[in-house]
Amino acid sequence: MLYDLLLAPFVEFPFMRRALVGGLAISLAAAPIGVFLMLRRMSLIGDAMAHAILPGAALGFLIGGLSLGMMTLGGLVAGFGVAIASGFVSRTTLVKEDMALAAFYLVSLALGVTLISASRSNLDLLALLFGSILALDDPTLVLIVSVASATLIALALGYRGVVMECLDPGFAAGVTRFGWVFHFGFLTFVVLNLVAGFHALGTLLVVGIMMLPAGSARLWTDDVSTMIAIAIPMAMAANLVGLLGSYHLGMASGPAIILVAGLIYGASLALGPHGIVRRYFPRRHLEA
Amino acid sequence: MADPILAFEDLTLGYDRHPAVHHLGGRIAPGTLLAIVGPNGGGKSTLLKGIAGRLAPLAGRIVNTFPHMAYMPQVGDLSRDFPVTVFDLALTGLCGRRGMFGRISRSERERAIEAIGLVGLSGFEQRSIRTLSGGQLQRLLFARLMLQDAPLILLDEPFTAIDQRTIDDLLEIVARWHGEGRTILAVLHDLELVRRNFPETLLLARDPLGWGPTPAVLTQDRLETARQMAEAFDRSAAECHRAA
Chain P
1 MLYDLLLAPF VEFPFMRRAL VGGLAISLAA APIGVFLMLR RMSLIGDAMA
51 HAILPGAALG FLIGGLSLGM MTLGGLVAGF GVAIASGFVS RTTLVKEDMA
101 LAAFYLVSLA LGVTLISASR SNLDLLALLF GSILALDDPT LVLIVSVASA
151 TLIALALGYR GVVMECLDPG FAAGVTRFGW VFHFGFLTFV VLNLVAGFHA
201 LGTLLVVGIM MLPAGSARLW TDDVSTMIAI AIPMAMAANL VGLLGSYHLG
251 MASGPAIILV AGLIYGASLA LGPHGIVRRY FPRRHLEA
Chain S
1 MADPILAFED LTLGYDRHPA VHHLGGRIAP GTLLAIVGPN GGGKSTLLKG
51 IAGRLAPLAG RIVNTFPHMA YMPQVGDLSR DFPVTVFDLA LTGLCGRRGM
101 FGRISRSERE RAIEAIGLVG LSGFEQRSIR TLSGGQLQRL LFARLMLQDA
151 PLILLDEPFT AIDQRTIDDL LEIVARWHGE GRTILAVLHD LELVRRNFPE
201 TLLLARDPLG WGPTPAVLTQ DRLETARQMA EAFDRSAAEC HRAA
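Protein sequences appear in the order of chains P and S.
So the first sequence is residues 1 to 288, counted in this note's numbering.
So the second sequence is residues 1 to 244, counted in this note's numbering.
Hints were generated in silico from the structure; no laboratory data involved.
Quantities reported herein were computed from a predicted structural model and do not represent experimental measurements.
Do not rely on the hints blindly, as some may be mistaken.
[To be verified] Some chain P residues judged to face chain S by a derived CB distance under 8 Å, without partners named:
(1) Gly69
(2) Gly81
(3) Ile84
(4) Glu97
(5) Gly161
(6) Phe171
(7) Val175
(8) Trp180
(9) Gly215
(10) Leu219
(11) Asp222
(12) Asp223
(13) Val224
(14) Ser225
(15) Arg283
(16) Leu286
Quick reminder that beta carbons are idealized off the backbone N, C-alpha and C, glycines included.
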C-alpha cells in the first residue's frame with residue numbers, strides 16, 4: 001500500500017524518476033537564491049526576469065525549433081541583457097532598479113509576443129509558460145544539475161559578499177570596490193536558475209519554487225543560514241509530494257508542485273513562530 | 001605641518017550644478033580631530049560624501065593619500081530588518097581588511113566581542129539588530145567602526161537622537177581614536193559639545209566661513225553670518241567664474 005503510494009510511480013516510470021531528479025536539483029539551488037531575493041526585497045524580480053526570459057526562449061525556438069541549446073541560449077541572452085541593462089540604468093540614473101527592470105522586461109515581453117505572432121509558428125506557449133517536468137531528457141537534466149551545482153558552489157564562495165550587499169550596500173561599497181561583482185554575480189545565478197528551471201516548470205512556475213520556500217522559511221527563523229537550510233528541504237518536499245499527488249490524482253505536475261509549495265507556505269504563515277497564530281495568541285512577555 | 005592625509009583644492013561639490021560646498025581649500029594633517037559645523041544645507045554631509053568618494057566634485061579636487069577610511073553616513077543604507085545578529089553586524093567591520101573571502105581569526109572574533117563591550121552592548125551579541133533601539137544601533141555602528149581600524153574616520157551627526165550617557169561613552173571612544181593618532185572628521189550641531197571635545201573646527205555655510213582652532217572659529221560674528229545663509233537654490237543663479 002505504502003509502496004504503491006510512494007515508491008511505485010518512481011520504480012515503474014522512468015519519466016517520474018527524471019522529473020524527481022530534476023525537481024530536487026532545481027530545489028537545491030533555487031531555494032537559496034529565493035532567500036536572498038526575498039531579503040533584498042526583490043521577491044517580484046524573479047517574476048519580472050521570468051517574463052524577460054520568455055521571449056528569448058521563444059525566439060530560440062523559432063530559430064532552432066524545440067532544441068535545448070537554442071532555447072537555453074535565447075533565454076540566457078534575454079535574461080542577461082535585461083539584467084545588465086537595468087543594473088546599468090539604476091546605477092547611472094535616478095531611475096531605481098525596480099523601474100529599470102520593469103521597463104526592460106515589458107519591452108522584451110512585447111517584442112517576444114510580436115515575434116511569435118508574426119511567425120505564425122506552432123510554438124506551444126503553454127509548455128513554455130508552465131513547463132513539462134514529465135518530459136525531461138538527458139541533456140536537459142544535465143543542464144539543470146550543472147546549474148544547480150554551479151549555483152551552490154558560487155553561493156558558498158560568495159556568501160559573505162552577497163549578504164553584505166543585501167545588509168548594507170552603502171557600507172559594502174565603502175569597504176570593497178567589487179560590491180557590484182557580487183550584485184551582478186547574484187543576478188547571473190538568478191537568470192541561470194530561471195533558465196534551467198523553465199525547461200521543467202516553465203518560465204512562470206519556476207519562480208514559485210524559488211520564492212515560496214523562501215517565504216515559508218522566513219516565518220520560522222531569524223537567521224539567514226538556517227533560513228536556507230529550511231527552504232531547501234521545503235522545496236524538495238514540494239517537488240516530491242507534488243509529483244506523487246499529480247500522479248495519483250491525474251493533475252498537471254508543474255502546477256501541483258507549486259501548489260504543494262503554496263500549502264507549505266500557508267502552513268508556515270499560520271504556524272511559524274513569526275506567523276499569524278503566534279501574533280494573535282502571543283506567549284506571556286518576559287521580565288526584562 | 002606634517003604631510004597632509006587629506007587636502008581640498010578649490011573644491012566645489014553640489015547637486016544639479018548648484019554648489020553645496022563652494023570653493024573650499026585646505027589641508028588636514030594626520031591625527032587631526034576636526035568638527036564640521038554649520039547650518040542645514042551648509043554642505044557638511046556633502047563634504048563627507050565627497051571625501052568618501054560617493055559624490056564627484058563639480059570643480060576642484062580632493063587629494064586623499066590614504067584611501068582606507070571608515071565612513072558613518074547620517075542616513076545609511078543599513079537594512080534594519082535584515083535578519084542579522086549584533087555580533088555578525090560588528091564583524092562586517094572586518095570586511096575592509098579581510099575582504100569578502102578572508103577567514104576571520106579567533107583573535108579577530110575576540111576583538112569584536114571587546115568592541116561590543118566597549119560600546120556597552122555586552123550581552124546583546126546574539127540579539128537580532130531588528131530589536132535594538134536607535135541609540136543601541138548607533139553604539140553598534142561605533143563598534144563596527146572600531147573593527148574597521150581605519151586611519152581616517154568620517155562621522156556624520158553621530159550623536160543625533162542619542163541619550164547623554166551614550167554620547168559621553170561614544171565621545172570617550174572618539175577621544176581614544178584621537179589618542180591612537182587617527183584622523184577624525186565629525187559633522188556636529190551641538191556647539192558646546194564641539195567646544196569641549198574638538199580642538200579644531202570648520203564652519204561651513206556653503207562657503208567656508210572659518211577653519212582653525214575651535215575658539216577662534218566659533219565666534220558670535222561668524223555664527224551670525226552662517227545663520228544668514230540662504231538655504232534654497234537660487235534658480236536664477238549665474239554661472240560661477242571665481243578664479244581658483
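Hint check:
no. : hint   : verdict
1   : Gly69  : violated, 34 Å
2   : Gly81  : violated, 27 Å
3   : Ile84  : violated, 21 Å
4   : Glu97  : violated, 13 Å
5   : Gly161 : holds, 4 Å
6   : Phe171 : holds, 7 Å
7   : Val175 : holds, 4 Å
8   : Trp180 : violated, 12 Å
9   : Gly215 : violated, 13 Å
10  : Leu219 : violated, 12 Å
11  : Asp222 : holds, 5 Å
12  : Asp223 : holds, 6 Å
13  : Val224 : holds, 6 Å
14  : Ser225 : violated, 10 Å
15  : Arg283 : violated, 16 Å
16  : Leu286 : violated, 12 Å
The structure fails hints 1, 2, 3, 4, 8, 9, 10, 14, 15, 16 (numbered hints given earlier, in ascending order).
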